[in-house]
Amino acid sequence: METNGTQQQTIRDYLLGSLLAEQQAQFEERLLTSDQVYEELVIVEDELIDEYLREELPAPERERFESHFLAAPEHQEKVRFARAFTKYVAAESTVRPQEGAAIPLSERETIEFPKPTTGRPPKSGWLGFPPIRNPIYGYALAAGVLLLVVGVSWFAWRNLNSGPRDPGRVLSFVLTPGLSRGDAEGGNRLTVPADTGTIRLQLLLPEYRHESYEASLVDAEGRTVITDRNLPKQLANGQPGVVLDVSASLVPAGDYRVKLNGLNPDGNSESVASYSFRIQKP
Amino acid sequence: MKKDWVLTRESFEALLDWLDPNRDAAALRYETIRSRLIKIFACRGCLEAEDLADETINRVTSKLPEIYTNYTGEPARYFYGVANKVHLEYTRRRPVPPLPDQKADCEQAELEYACLDRCVAKLTSEQRELVLAYYQEEKHAKIEHRKLIASRLGIAANALRIRAHRIRASLQQCVKECVQEAAV
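Listed in order, the protein sequences are those of chains A and B. The numbering used here applies: residue 1 is where the first sequence begins, and numbers increase by one. The numbering used here applies: residue 1 is where the second sequence begins, and numbers increase by one.
If you're looking for bench data, these hints aren't it; they were derived computationally from the structure. A virtual CB, placed ideally from N, CA and C, is assigned to each residue, including glycine. Accuracy of the hints is not assured; some may be wrong.
Anything over 12 angstroms on all C-beta distances counts as not near chain B; from chain A, calculated [unchecked claim]: (1) 6; (2) 61; (3) 63; (4) 178; (5) 216; (6) 232; (7) 255; (8) 257.
Covered by chain B, according to a simulated footprint, are these stretches of chain A (three or more residues, beta-carbon under 8 angstroms) [claimed, not checked]: (9) 10–23; (10) 26–34; (11) 39–52; (12) 201–209.
Build out the structure end to end from the sequences listed, making use of the hints.
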């Protein structure tokens, strides 16, 4: 039996696609048969989304979140809702005090907190700040607080609207295989403007000889930037190819290489092609 | 599944019978299995999670005559085995995700925000205060803030977490319906 903390970690790993195949199968069977596990999954999903939107996820989890979790339209929909919800809560919290309402203890019970005189919390209650009796000081304080609230709201609005990981513009490039790294000098140069969110690489192939394909993107130092499996097949100009989407934030200017492997039905993989290119800023 | 097989009323009734002899319990079970299959396909990154869940259910239904006599065990596990096959076929023809339409996304976001405002207004004042209070802080302040709310309510932190989540989930459902109504 897992503790709450262990279960939540398993769920996070599952949502980010980080569980091993056997662990994933065990977890999914429990997900199908246990109401408690299902509800916990949906809660952790919301918490993960909130952390993502507030930029609280560590870099490796953020990468998994974008490449795996956000692949499903259902999850994109949840993120869109969470973005609106976060914005709404932030806007409301600037005008609402935290106390002053009844919060349900259970379906029938409530705990009464001290209530303001009107149903809706007063938005201009600052003037009634008890120690300040002189109205001039009261108005001066109110003006200062107003400036502070406007400033904070503006800052929050900017942050929320810019979004931590907006999909941004999608730029698509067709890459031909076989160019060596040196060839990237005059070959595949991809000019990526700063507002680009996703770089879509269409990797051309002579033919589809494998059931599925996987790709690793490595930088000039040989470090793996991302690995993606089961790449979608798509014709480009009538020629066979597969598609690899890369978050632009992961690839600063420099030389890169995509190593493409084909997977056989027996599970073995073999190298199919490699594609070299250079990312440059306009 | 045979290519010409189609889901009929009779075969669907048979599926419900297999899930539970009580019709209401069977319907609930069916909905539970379907929603969890959708969740599993979505968590595997599938673009058409609902279609894949329905395909799984159709295949199980088409095999009912065999299952009735040969299979003993939790029906959900049988669905899971079939879902794995459906998923394997999906990975072989994995469709290309559509490019995001930023203009539409922006309009959608505005509509959702307006709907959210309407949906929050439908909550009871207690629910509204709880959900706004629960989600308002960030990072470490959030943890302390939530502990404070839970202690004021005299409930465990996890009970508060579940309660806040349920209100949020009801808001999301309300917003979804509101957006769909606006689209009609």
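Now for the hints, and whether the structure bears them out:
no. : hint    : verdict
1   : 6       : holds, 14 angstroms
2   : 61      : holds, 15 angstroms
3   : 63      : holds, 14 angstroms
4   : 178     : holds, 24 angstroms
5   : 216     : holds, 18 angstroms
6   : 232     : violated, 4 angstroms
7   : 255     : holds, 26 angstroms
8   : 257     : holds, 23 angstroms
9   : 10–23   : holds (count 3)
10  : 26–34   : holds (count 5)
11  : 39–52   : holds (count 6)
12  : 201–209 : violated (count 0)
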